[in-house]
Amino acid sequence: MTQIDFLHLMPLIILTLAALLNMLVVAAWRNHKIIYVITAVSFVAAFLSLFELRGITAHAIEPLFVIDGFGVFYIGLILATALVISMLSYAYFEQREEQKEEYYILLILSTLGACTLVISTHFASLFLGLEVLSVALYTLISYLRTRERSDEAGIKYLILAAFSSAFLLFGMALVYYSTGTMTFAGIATAIADLQELPLLLLTGFGMMIIGIGFKLSVVPFHMWTPDVYEGAPAPVTAFIATVSKGGVLGLLIRFFMEVDGFRYPTLITIFSIVAIASMIAGNLLALLQTNVKRILAYSSISHLGYLMVAFLAGNRLGVEAVTFYLVAYFITTVGAFGVVAMLSDTERDAELLEDYRGLLWRRPWTATAFTAMLLSLAGIPLTAGFVGKFYVLAAGVNTQLWLLVAMLVLNSVVGLYYYIKVVAVMFQQPEAEAEPRPRLRPSIYLASVGTLAVLTLLLVLVGVYPAALVEVIQQVFASAPVMAGR
Amino acid sequence: MENYIWLIPALPFLGSLLLILFGTRLSRAGVAILGVGSVGVSALLTILLGLQFLAEKPAFYHQEVWQWFNVAGFNPSIAFHLDALSIVFIFVITFVGFLIHLYSTAYMAGDTDFSRFFACMNLFVGSMLLLVMADNLLLLYFGWEGVGLCSYLLIGFWYKEPANGYAARKAFIITRVGDVAMAIGLFILFQTFGTLHIQTILSQAPEVWSVGAQAAVLVGLLLLGGAVGKSGQLPLQTWLPDAMAGPTPVSALIHAATMVTAGVYLIARMYVIFDLAPVAQMAVAVVGAVTLLLAGFSALTQYDLKRVLAYSTISQIGYMFLALGVGAWSAGIFHFMIHAFFKALLFLCAGAIILALHHEQDMRQMGGLRKSMPVVFWTFLIGAASLAALPVITAGFYSKDQILWYTLAGPQGSIWLYLAGLAGAFITSIYTFRMVFMTFYGEPKTQVAHPPGKVITIPLVILAILSLVGGFIELPHNFAHLALFSGLMAPVLPGITANELLAANEWLFQALAAVVSLGGVLVAYLFYQKSPALLASIERSSFAMALHRFWFSGWGFDALYDNLFVRPYVFLANLNKRDIIDSFYTGLARTAEGFHVMFSQTQSGVLRNYVVGIVFGAIMILTISLLL
Amino acid sequence: MILLWMIVILMAGGLLAWLSKKWHPELPRWIALFAVLADFILAVYLWLSLPASTLGASPWLLQLEIPWIPQWGVNFILALDGLSLLMLLLTFFLGILSVLVSWREIRTKSGFFHFNLLWVLAGITGVFLTMDLFLFYFFWEVMLIPMYFLIGVWGHANRTYAAFKFFLFTQASGLLMLLAILGLYFIHGSQTGIYTFNYFELLGTALAPEAARLLMFGFLAAFLVKLPVVPFHSWLPDAHSEAPTAGSVILAGLLLKTGAYGLLRFVLPLFPTAAVEFAPWAMLLGAVGIIYGAILAYSQTDLKRLAAYTSVSHMGFVILGVFAFNEWALQGVVMQMIAHGLSTGALFIVAGFLYERLHTRDMGQMGGFWAKAPKLGVFALIFVMASLGLPGLGNFIAEFLTLVGSWQANNWLTVVATVGIVLATAYSLRIMQKVFYEPAPSDHHLPDLSAREMLIAVPMIALILWLGLYPQSVLDTAQPSINQQLQAYQEPEAKEKVAVVEVPAVELKVEKAENK
Amino acid sequence: MSASTMEAALLLAGVLFMLGLISVLIRRNIIFMLISVEIMLNAAGLAFIVAGSRWVQPDGQVMFIFILTMAAAEVSVGLALILQIYHQLKTLDSDAASFMKG
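Residue numbers (the UniProt record's numbering), protein chains in the order written: chain E, 1 to 486; chain L, 1 to 628; chain C, 1 to 516; chain F, 1 to 102.
Here chain E stands alone, though its shape is the one from the complex:
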């Protein structure tokens, strides 16, 4: 490890230190605000440190990591999201009497895991990143331990995650067994010349897909999603929905691009089936759902399905589309759960549709923000979601994945129904004027309100003027050697 390497790993290192620092501070003297500030600052610092790495082609830290434009972009995305989530968390946890401080440590750690994933080029680093992410998540999910739902969610997630990562590991082992290397590049070279993958290798890939698929919560590995989303505290749900998926997706893209998985019809078939199944199942499951958190969970499943479509395009345009969509999806999801978090009170999260009846007339601004988020999820113009969906469709049409595209269109119509249903509920007249809940201290309140406002603005900005973002993404992929010749 040279100094250069450290420089390139700066964001990760900052996060690690921040985690340690938090632990020490907690040991010394518990104070929510201080911990929160440290966390926020560390995220910001890590994010800023990325600007050092602007425009780098690729710096490999053999054999585990490579820091390239792609990685930098995804790390940046993850860090920004984590920052926003921590903002939301502050107000959310301020109302609660549990020990709040450890939460931030775990948050930082799991963020660290996600960051590690997107730059890893080796099974070991992959595995480490994944596990750091997961183990922290188990605790985060069940953080409000007095709620039995949290514990139920936690245990479910734990067992299933471990179960799936067992598959992942075994798959890796098989791949290692048949190729003799654990670096992506090595695997690529090993299989480059053989047209037909040997069965053992194929099985290995298959089992890895299970592990990845679980984290991405695509059908049929999706079943945990609604329960965990429902059980976990709202900010954590946002985290699972965004950061953990984002990290894994980044990894998936890198790996696939590296080994050029698109050559193998088997893998394509599997992914296509998974994609279609996710779209259909996700939307149909959400159709008459009355629990907002579960609706969002199911919708996230279908959105992963949409992402898969672009991913399967398998060319430059496709990956750009995936990335763009991911950004849009992050903004939207975090925003949505932010609203949920904001409306939650001490005993339970605001998750039932009933909690939203007539929201527009009670809290117009919040309602407007939430409406914007939902419309973005539905892919309506003026929002980021629309441009994202457009990008994905473009990718699909471009490579003539007609079946997938048709499915996408069909499903987004079904999807409209339940998004609009929530909106409709918010616009209904409240028959009984709900007594105004005690407002939080403005300082706290401000944090989340500000964040929401920013998110909404971003949403509209990206929706109306996507050129800038597209510009950035295209540069990123131009610089990334992985994409060479695509």
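Among the clues, some could well be false.
[Unchecked claim] Some, not all, of what chain F presents toward chain L, calculated at C-beta under 7 Å: (1) Val24; (2) Leu25; (3) Ser94; (4) Asp95; (5) Ser98; (6) Met100; (7) Lys101; (8) Gly102.
[As the list claims (entries may be wrong)] What follows is a set of in silico ranges between Cβ atoms, one per label pair, in the way DEER data are often shown: (9) Ala453(E) with Ala592(L): 30 to 40 Å; (10) Gln490(C) with Gly212(L): 31 to 41 Å; (11) Asn29(F) with Gln601(L): 18 to 28 Å; (12) Gln601(L) with Ile26(F): 19 to 29 Å; (13) Gly204(C) with Leu352(E): 52 to 62 Å; (14) Ile26(F) with His156(C): 54 to 64 Å; (15) Thr360(C) with Asn576(L): 16 to 26 Å; (16) Phe32(F) with Tyr161(C): 48 to 58 Å.
Please keep in mind that the hints were generated in silico from the structure rather than gathered at the bench.
Think of the CB as a built atom: it goes at the ideal place given N, C-alpha and C, for glycine as much as any other residue.
Fit chains L, C and F to the known structure of chain E by using the hints.
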């Protein structure tokens, strides 16, 4: 003078516009002045124009007000074409119209919607003038529909009574059926000639179409369809009797004198087409003949005074069609004019009677009015005589005799048509004098409330005079051969020459016609005056009763159409009220929800099932990788 | 630039109206009124300053192009030709009316209401102006959301259902159009190497028959649903009858027209051959729609629902005419778009007036209003007559031209369509009879039109009469752009004329040819 | 080691993995489920060791150590959670923890 042509239709329109806008604020006198005045002035203009026309004898006057629109060479104008034919029509429309307006001021005096009445009447006169003055078929169609609207508004004038509304709708819709045919005719004409300008079409048609050309026949029949709709001929005659629901002046003006003869005008106007399409022309004749008989028989059985007149109108227009059908163009138009006089007269008299008997229309409740309202009696008698075509003295005799004569002796004439006409004449005089005897003779049944005033009687007298002397401008060849009218028509409509053989003893047939009409009077006298018992005994027989019922119901056409079109349509409409197609989409929604329920079973919340899910996925993936 | 202003004014006005609610409850109405009025004045100014006759070759009056997403070749292109201009005039005119009719009707959340109102108008304006397919789709969607709220928040009893239905139908069809747009985009790109959504660029795209067919159906999906054409109409009656008056006016008057506009602007010039293939079926759909809509309208007892089905019937003429590919028909279609916008809008306004007074839309509850409210009666009468196509009123010109045109293309379907006129008479007169003539089952207090309502009624009457008596100015405006749309057809159309007209007509053609 | 024994060892790992998998499926007691998952993880570890020894590299064993540590961490968190669950539900039956469904 001819620069003021546009004023003739414009004035009534203006009048109605003003009445619509300010009618509610004006006093009754004001309304009357505006309403009657506008028509009066345009009548005056017409007469002046007519005199000038007679003096100058030009082919026609033409005036373009503005170009309506112009799309890819389809450029109809708001432009007027006045030749003898249209002049006769506008004369009748404005002059008779004026008289009837005058009469209405008294007739409608008591009505709350005084101004609305005159607004509609003026609007009607305007549209009717547009119809007959139009230089292109689209503008004609404009007027054509306009008069339809007015007749709708006026039939349903007393809207509080749902039956009237029904009659009005019936009239509008049935005439619309005819209009559709006409519209299609226009499409073909436009496609063929690239214009709807009447004179152009008339001049080009012989070049484009050979005699009997399929298209010409088609157009002819379609135009005929339009004509029968407006003129209440078979098979679209059913609306006219019901149209009597409107105020009597309306029946007089619209449903006797002017609008219903629009069909006659149309056919006469487009005579070239019919010349080129013998089949169509024969159809015209046949329609006329059949209609005049059917309507005549129905008229025999009616008790409602106005209904009798309505049926007689249908039958008389049948005569006009017959004339046009056999190519006796000017004879048809001549009869139109005379008919306008005496039928308007009869209606106005009927109106006077009805008013006097406070809206009693059933002839069985009348009688003995000879004494109580002499003026009405005499004028009505004159009108009746003219309708029954009593020889020599009445105008009706000359016009009808001409028709009968050419039906037989004309080049396209046929004995059957002639016999039909003759029989019609016989029936006509029977039902006419049946009216006379039932209303004016016998002992009074209802007391006369108040005898009609001057405003009512003056128009009666004028019309009575016209329906006597009107005939003398056109006398048969064999005595005092005088052909003012047909002379006037000659430049517009082709003349007709009688078969030489028959021409020799034309007087014979005139005598026959005279005998027939007189015979009719005699029969009527016998049955309704001398010995009603005789009639009663006949009517008692079951066959007669059935026949009576059948004729009374206008040969059951209403029932037929009801069962054939109206009921099925309404049934169908109500059957599909919920829109069957919609259920398909709702079905889709249901299916989706069904799937939702099915899927949500899998989310059991039981940890082990989730594990099973993953394992299932694993198996799927592995099998795929094994199979492929 | 002025084109951009039109949209900006509306959007800004909308936001302002929403916010201004805080200061004064009446303020939003005035702001909305002035915003639309300003646009209307702009449009009229354009109309007067750029007379259509002086156009010459290019039908384009104004153009504005700003790069938007250069990476995808998306530009913010606004362009104005006669057709768009007419549509804009209609849009702003009806916009003003819909603000006025809401003056008393909308009591709750007037700020948000006018925000939505103006944004719908903005979206529609964009649709009529933009010449970039991406932007077109963008605006196409933008007009839906506020419309959804208009129906869903201020609608009648069953509003939520109606709003959903409207939204899902239009969205689903819109997405199909999006696919078609993308397909076109990539095909054009792969052919020329220029990836752009620019309408003018894409016009030249050469398509394989199969591809052309598919793409055309993509576009048709959106437009036919919007028009709507039987059997895709079932969203319309619900949406129209549940929406507030202003909503219904905009739906019937403008949203449907965007469908017709799309057919003219995109389907015809982009896919000439495919369109010719499809023409008979399209015309069949049109004829069926005319009859089917009329029958349904006849059986309705809900006044607004009835009016809604009449639109289905009238829009049948539009598709019938569009696929006749000749100037008469297309001019007829344009006239129909405007005239129907006025006439049906007026019918909905009548329904609105009655609803304000009686709080029912059920014609069974109404009757005898002629005596009580003669002004309202005359207003209704005129537009009932318009909807049954009485000469002298705009709709007659529209329908007659359309039929004359379609007759050239297909005789039998034209006959069927013409029969529709009789059915139109049946349902139209039923309105007058039930609402104004027949004695009412129960006695209502029914004040006649107020000054404000006269302010709405009189201009509409004046306009419909103007369209009926002197339509030339409108036709002239539309003419160049119509020829533009038809360019691709001059050749096939000529062939067709001989082809479709059956025996008698054919022989005529021959004879005529001879004597020429 | 020869190729055949490699195959055999790998097979053993596979069998172990299947055993774990099946017992996860059939067990209801959460603790047992946890243990079974551990077995699966260790099976994976074994597979790594076999692979490593096939290519005569240390990497396999390195991975195995990673797996062990991770498993330990997981178990500790898991047990803590199970304790909580037991406090609240007074049972270790995993099916009992199914409040969230649909």
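Consistency of the hints with the structure:
Against a cut-off of 7 Å between C-beta atoms, the interface hint on Val24(F) holds, since the closest Cβ of chain L lies about 6 Å away. The interface hint given for Leu25(F) holds, since its Cβ lies 6 Å from the closest Cβ of chain L, which is under the 7 Å cut-off. Checking Ser94(F) against chain L by beta carbon gives a least distance of about 4 Å; that is within 7 Å, so the hint holds. The interface hint given for Asp95(F) is met, as the beta carbon of that residue sits about 5 Å from the closest beta carbon of chain L, less than 7 Å.
With a cut of 7 Å, the hint placing Ser98(F) at the interface with chain L holds, because the nearest CB-to-CB distance is about 4 Å. The beta carbon of Met100(F) comes within 5 Å of a beta carbon in chain L, closer than 7 Å, and the hint placing it at the interface holds. Hint status for Lys101(F) relative to chain L: holds, with the closest Cβ pair at about 3 Å, below 7 Å. Taken as an interface hint, Gly102(F) checks out: its beta carbon lies about 5 Å from the nearest beta carbon of chain L, inside 7 Å.
As the Cβ distance of Ala453(E) to Ala592(L) is approximately 36 Å, the hint placing it in 30 to 40 Å holds. Between Gln490(C) and Gly212(L) the beta carbon distance is about 35 Å. The supplied range of 31 to 41 Å therefore holds. For Asn29(F) and Gln601(L), the Cβ-Cβ distance of about 25 Å falls inside the hinted range of 18 to 28 Å, so the restraint holds. Between Gln601(L) and Ile26(F), the C-beta spacing of about 22 Å keeps the proposed range 19 to 29 Å intact.
Checked against the hint of 52 to 62 Å, the C-beta distance between Gly204(C) and Leu352(E) comes to roughly 56 Å, which is consistent with it. For the pair Ile26(F) and His156(C), the beta carbons lie near 58 Å from each other, so the given range of 54 to 64 Å is met. A hinted range of 16 to 26 Å holds for the C-beta pair Thr360(C) and Asn576(L), which are about 24 Å apart. Between Phe32(F) and Tyr161(C) the beta carbons are some 51 Å apart, a value that agrees with the proposed interval 48 to 58 Å.
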